[in-house]
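Visitor: Each chain, written out:
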Amino acid sequence: MSKVRVLVGTRKGAFVLTSDGKREKWDVGALQLGGWEIYHVKGSPADPNRIYASQSSGWFGQVIQRSDDGGKTWTPPGGGPTKTPDGMPQGESNKFVYEGEVGKHLWYDGTQHPWEFKRVWHLEPSLTDPDTVYAGVEDAALFRSADGGRTWKELPALRGAKGNLWQPGAGGMGLHTILLDKSNPNRIYVAISAAGVFRTDDAGKTWRPVTRGLKSAYELPDKSFEVGHCVHRIAMHPSRPNVLFMQKHWDVNRSDDGGENWHEVSGNLPSDFGFPIDVHAHEPNTVYVVPIKSDSEHYPPDAKLRVYRSRTGGDEWEALSKGLPQSDCYVNVLRDAMAVDTLDKCGIYFGTTGGQVYASNDAGDNWKPIVRDLPPVLSVEVQTLP
Amino acid sequence: MIRVELPFHLRTLARVEREVTVDVAGPVTLGAVLDAVEERYPVLRGTIREHVTQKRRPFLRFYACEEDFSNVSPDTPLPGEVVSGKEPLSIIGAIAGG
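Protein chains in written order, with the working numbering: chain A, 66 to 451; chain B, 0 to 97.
Be aware that one or more of the hints could be misleading.
In the DSBU-like style, the derived pairs of lysine-lysine whose C-alpha atoms are separated by at most 30 angstroms in a straight line are [unchecked claim]: (1) A:Lys169 / B:Lys85; (2) A:Lys77 / B:Lys85; (3) A:Lys247 / A:Lys77; (4) A:Lys218 / B:Lys85; (5) A:Lys160 / B:Lys54; (6) A:Lys358 / A:Lys369; (7) A:Lys183 / B:Lys54; (8) A:Lys218 / A:Lys247; (9) A:Lys160 / A:Lys280; (10) A:Lys160 / A:Lys90; (11) A:Lys68 / A:Lys410; (12) A:Lys358 / A:Lys77.
Residues of chain B clear of chain A, computed beta-carbon distances all greater than 10 angstroms [claimed, not checked]: (13) Pro26; (14) Pro41; (15) Thr46; (16) Glu65.
The set of hints was computed from the structure by calculation and includes no laboratory data.
Don't be surprised by glycine CBs; every beta carbon is placed ideally from N, CA and C.
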């Protein structure tokens, strides 16, 4: 029988939640990497026991952790030519250094400000090679490791895509989404807070913004601006890689041509502000969002936690609330904190800033908490195991 | 043998106890001791001092014999008690979290 492993990153450590294919009874594993902020945990599609985690701290900076046993044990993969006499790995796996001239981006006061590495927001393992993994970092840039996380090298051409005009938002200038195209290994999409969506068709040698059609009236009165759109998250279905869905700072958008053109599909959502967006594993036109009241009020409208589902690829949305709190709920769901499994009845999962992880084993019709009292949840990923 | 006291999170990261010991060939300066700690426990590279710039991370402090060595040059010699092993160099996470 299939199994499901939910990888949860929180403000104070990581958790691995497991269940069988019914997804009714869950085992909440012990706290791992305790006391550190775990921005993201994600497994390799090519080797599910290979899992990468971004571990950081305001005091001690960035560390990359790796598990080769499905999240039971973790080791900084290290790097360098040798190990210490004790067998400790060398310490290059937390070294993220921008390539060449560091360069500058736009600062809050309109001046230019040098890029400064802060943390890894998102790890995206290769679809085919367990040793290859991409890292989206703050200040926004894309790094790649081809040796299992031991060493990291920037793909610097991304910052050449008008990076001098990128300006951080209140949450920092993080590269938070990396989408790999199963049908075209040379095509990668990335999304950056307050900068936009960028695409490469040559495996990272060149990049360009793909934001035509996005409307950000408050931030960018000039509609011709290619960068500066505050994209919160983008998602694709692997069978239809040219169709992208986006939760932007305000409004939900869709592109049918690989990001070349976007149009709004917010439709009847009670609020078109939010963070995560994801696509059903077997229905490429079924999309999920979690509306949040506003950019100034990061909690659900009417204090009711509702996931909204569109079975029409946007515009027409239905509220999914069975099993979710429908009063006095003031949590948020962050951009990396929603994921789907690939079982027959698609499972949907999300974590909240209140420490709950909710799961639906029937595509969103009914929800139950797997666990209620974790630290604030930063990320949720799911592995469907044979 | 130089004694170095590490903060909790660096102990768990390096999988060591509260205090580690390192050997320093040559003058026992702040920089030489930190170099030796990173050499012995490479996983700590970048967690005490920034990569490339080698600047102290903002919320860490260095103390020895009740003296603050946080803002001194890496070439600054450490006190004789540290050199002799009587006292440790303490690396402390600043009490700053809001």
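Visitor: Compare the structure with each hint and give your call.
Guide: Hints, verified against the model:
1. As the CA atoms of Lys169 of chain A and Lys85 of chain B are separated by approximately 47 angstroms, the hinted pair breaks the 30 angstroms bound.
2. Annotation: proposed proximity of Lys77 of chain A to Lys85 of chain B is violated, straight-line Cα distance about 36 angstroms (limit 30 angstroms).
3. Between Lys247 of chain A and Lys77 of chain A the CA atoms are separated by roughly 33 angstroms; this puts the pair beyond 30 angstroms, and the hint is violated.
4. A threshold of 30 angstroms between alpha carbons decides the hint, and for Lys218 of chain A with Lys85 of chain B the separation of about 43 angstroms lies outside it, so the pair is violated.
5. With a C-alpha separation of about 14 angstroms, the suggested pairing of Lys160 of chain A with Lys54 of chain B holds against the 30 angstroms cut-off.
6. For the proposed pair Lys358 of chain A and Lys369 of chain A, the alpha carbon gap of about 10 angstroms is at most 30 angstroms, so the pair holds.
7. The straight-line distance between the Cα atoms of Lys183 of chain A and Lys54 of chain B is roughly 15 angstroms, inside the 30 angstroms bound, and the hint therefore holds.
8. Using a Cα cut-off of 30 angstroms, the hinted pair Lys218 of chain A and Lys247 of chain A holds, with the two alpha carbons roughly 23 angstroms apart.
9. Simply put, Lys160 of chain A and Lys280 of chain A have alpha-carbon atoms about 37 angstroms apart, too far for the 30 angstroms limit, and the pair is violated.
10. Restraint check: the Cα-Cα separation between Lys160 of chain A and Lys90 of chain A comes to about 40 angstroms, which exceeds 30 angstroms; the hinted pair is violated.
11. Simply put, Lys68 of chain A and Lys410 of chain A have alpha-carbon atoms about 13 angstroms apart, close enough for the 30 angstroms limit, and the pair holds.
12. For the hint pairing Lys358 of chain A with Lys77 of chain A, the CA-to-CA distance comes to about 27 angstroms; that is within 30 angstroms, so the pair holds.
13. Non-interface call for Pro26 of chain B relative to chain A: holds, since the shortest CB-CB distance, roughly 23 angstroms, exceeds 10 angstroms.
14. At the 10 angstroms boundary, the C-beta of Pro41 of chain B falls inside the reach of chain A, the nearest C-beta of that chain being 4 angstroms off.
15. A Cβ of chain A approaches the Cβ of Thr46 of chain B within 10 angstroms, the least distance being about 4 angstroms, so the stated non-interface status is violated.
16. Every C-beta of chain A lies more than 10 angstroms from that of Glu65 of chain B, the closest at about 22 angstroms, which supports listing it as non-interface.
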